[in-house]
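Visitor: So you can see what is in the structure, the chains are spelled out below.
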Amino acid sequence: MRPIYFKYLTFTALFLLLHFGTVFADSEVLPDTENCLYCHRYPSMGRYDESGVKRIFYVNDEKFARSVHGKLKCKSCHAGVDKIPHTDVKKVDCTTKCHIREPSTDKEFSHINMVQKYETSVHGNGSKEKPKPFPEDLPTCKDCHENRIQSSVTGLWGKSEALSNETLARCIGCHTQKDWAQNFYLHFTHRMRRTRSQPEIIKLCTSCHEDSQKMARHGLESVSTFKDTFHWSLVKYGVKNAPDCISCHVPVGYTTHDIRSRTDPMSSIHTLNRIDTCSNQGGMQSCHPGATAEFATGRVHAYGTKAQLAAGMKVATFEDHENFRLLERAEVDISKDEIFHLKVLSLIQLFYKVFIPLVIGFMAYHQWLDWLKIIRTRKKRR
Amino acid sequence: METHFKIKVKNGKKYFFRFTVNQRFQHILLAILVIVLVLTGMPLKFPQAFWAHQIYSVFGGIRIAPFVHKTAGTMLVLLFVYHLIYLVYTFYQGQVIPLKKKNELSIGKILKTLISHPIVPNLKDIKDILNLLKYLLFLTNKRPEGAVFTWKEKFDYWGPFWGIAIMGSTGLLMWNKELFTKFLPGELINFALIAHSDEALLAALFLFIWHFYNVHFSTSVFPMDTVFITGYLSEKMMVEEHYEYYKEIMTASGYPHEILPPHGVRKPESEHGAVRDNPVKLTDLPRI
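Residue numbers (the numbering used here), protein chains in the order written: chain Z, 1 to 382; chain C, 1001 to 1288.
Simulated from the structure, these hints should not be mistaken for lab results.
Careful: at least some of the hints might be erroneous.
Some chain C residues well away from chain Z (every beta-carbon gap over 10 Å; in silico) [as the list claims (entries may be wrong)]:
| hint | residue |
| --- | --- |
| 1 | Thr1020 |
| 2 | Gly1061 |
| 3 | Tyr1089 |
| 4 | Lys1177 |
| 5 | Ser1218 |
| 6 | Ser1234 |
| 7 | Glu1235 |
Quick list of simulated restraints, FRET-style, between CB atoms [as the list claims (entries may be wrong)]:
| hint | chain 1 | residue 1 | chain 2 | residue 2 | range |
| --- | --- | --- | --- | --- | --- |
| 8 | C | Val1120 | Z | Asp211 | 19 to 29 Å |
| 9 | Z | Glu102 | C | Val1068 | 52 to 62 Å |
| 10 | Z | Gln349 | C | Lys1247 | 20 to 30 Å |
| 11 | Z | Val354 | C | Gln1048 | 57 to 67 Å |
| 12 | C | Ala1165 | Z | Val315 | 36 to 46 Å |
| 13 | Z | Ala293 | C | Lys1101 | 49 to 59 Å |
Keep in mind it's a predicted model, so treat the numbers as computed, not measured.
The beta-carbon is built from N, C-alpha and C at its ideal position, and this holds for glycine as well.
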């Protein structure tokens, strides 16, 4: 048997094994000490809220038990909810301490470290002295972490070489409680796997970043410019390891919670770090092994509105708030070199924009006349 | 050098020599390579299109099609280099050596022969384009009389010539971007992508609208002009497209009395119900 088939077979067997493991795990579901399921076990439970959005309040306890937060009590995250109906309910705050002791420090666990880091990143609220405008546009934890209870964690097995049944088997050697070992293993290997495919990542990022009005409020342009690249074509053709947003903006060794502006030296796409991002990410991933400094100065996204505004190819007026804000940012962001490149690029584009219709138009005109001539001469002959 | 009869007579019909075996071989190779390149390239330019994935899968999908594209591209570049050598060689053999023999060799003379070479565009081409438009618009009844190579054929030749130069250089640059950016600026990759992709569109449109119509779909040649296989052109097409050259060749080959009237002008005998030399009999008609 060829080793590749053997590999697939092992993974399939492992997948099935894990799958059965979770189905038959009866001790998984925690007892409902808060008695929330008294009401929330009914699948029809839900309503339309004031804005007309359908809200479902049904909780499938088995699926919940298998989710990342399966070991938590409901009130650990949903503060309030002491009255019925729940008029006192507060929005879920991920910085709350959730009454689980983290074994390595023996402190109560909370996501606050991550949130603090996140607040200083491009997506955060900014500092207290200098808060960002339009805070309602900024993504919060839940905008990306949908906590997809429905998706099966076990289905991701075999997508990373860091995960193997051998490793898990070693854990189970000491940690004889298989369910616990498996859960813990899944928990700490979570960051070694991709939980979203490339199109899913692009869909998630573009759900905000393609909204040009929302972006313009923050001096940004739509990232539809990505769709003019070979990287996008590779994603479209479903290539394994095709580069999506995080491949370059959050390469190996960086975190999604700490994405920086490209002018920040800590950013993976800052000119100083770009060679590494293209050629060798933390010694792990190398897409363009021979990339040089010059290679890395090439543009990955096509030039968008911002560069066009800076180059004076588009004019922003005071009434045109969107573009005016962009122009303000463009003056800082777009260098003179880039303006020059854009001009050369547009010159090439302009040449073909004129040349193609001119040549092809003339040819089509000639062929059309030729065709008419033939038809008319034929009619005459009859 | 190969020798060819300028006119071949077969079954009472005259055929006019156009292309050598070498040229025909170059053309067929070019045709195959260009079609493969268009089919493996366009799906990358339009990955969203409904046909993109289907065409791509014919060439083995994303894992194999790019390899096919690069192989075909390399072969086309090699063909182009071969053609350049061929050009220099034939020019040397056909034009420079005769000059040498006449002891008239000088740079000015060589330049002059180069400019007056039949494949190089000249003033007559512009006149012919204008006159052809006049003819097609029913402003005149006289079709321009084409020389050895008409302006249409010059388009057919110089279009791909320029196209391969652009496509080849930009393609090689994008293929070996890490290597080339060791000594070239990185923005060139962006410029190359735009030029490669737009030039490809131009080439493909040119091929389908211009060349395919002229040699396949035009009613005079439908379903195809066989000259690219046989190397010889029929008398009808010769009269239609290259009348000036036709008269020249017919006179030189000893058929000055058999020169047909220009395209669109009928023989006086067969006009307006005149009696035919050989009336058609019922038995001549094909059985149904």
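Visitor: Against this structure, judge whether each hint is valid.
Guide: Tested hints:
Listed as a non-interface residue, C/Thr1020 keeps its Cβ farther than 10 Å from every Cβ of chain Z; the least gap is roughly 28 Å. With a least beta-carbon separation of about 7 Å from chain Z, C/Gly1061 fails to lie farther than 10 Å from that chain, contradicting its non-interface assignment. At the 10 Å boundary, the C-beta of C/Tyr1089 stays outside the reach of chain Z, the nearest C-beta of that chain being 31 Å off. At the 10 Å boundary, the C-beta of C/Lys1177 falls inside the reach of chain Z, the nearest C-beta of that chain being 6 Å off.
Listed as a non-interface residue, C/Ser1218 fails to keep its Cβ farther than 10 Å from every Cβ of chain Z; the least gap is roughly 7 Å. The claim that C/Ser1234 lies off the interface holds: its Cβ sits roughly 17 Å from the closest Cβ of chain Z, which is beyond the 10 Å cut-off. At the 10 Å boundary, the C-beta of C/Glu1235 stays outside the reach of chain Z, the nearest C-beta of that chain being 19 Å off. Hint check: C/Val1120 to Z/Asp211, Cβ distance near 56 Å, so the stated range 19 to 29 Å is violated.
For Z/Glu102 paired with C/Val1068, a C-beta distance near 54 Å keeps the hint of 52 to 62 Å intact. A hinted range of 20 to 30 Å for the beta carbons of Z/Gln349 and C/Lys1247 is inconsistent with their spacing of about 47 Å. Under the hint 57 to 67 Å, the C-beta atoms of Z/Val354 and C/Gln1048, about 26 Å apart, miss the expected range. Distance hint for C/Ala1165 and Z/Val315: a CB-CB separation of about 37 Å, consistent with the stated range 36 to 46 Å.
About 58 Å separates the C-beta atoms of Z/Ala293 and C/Lys1101, a value consistent with the hinted range of 49 to 59 Å.
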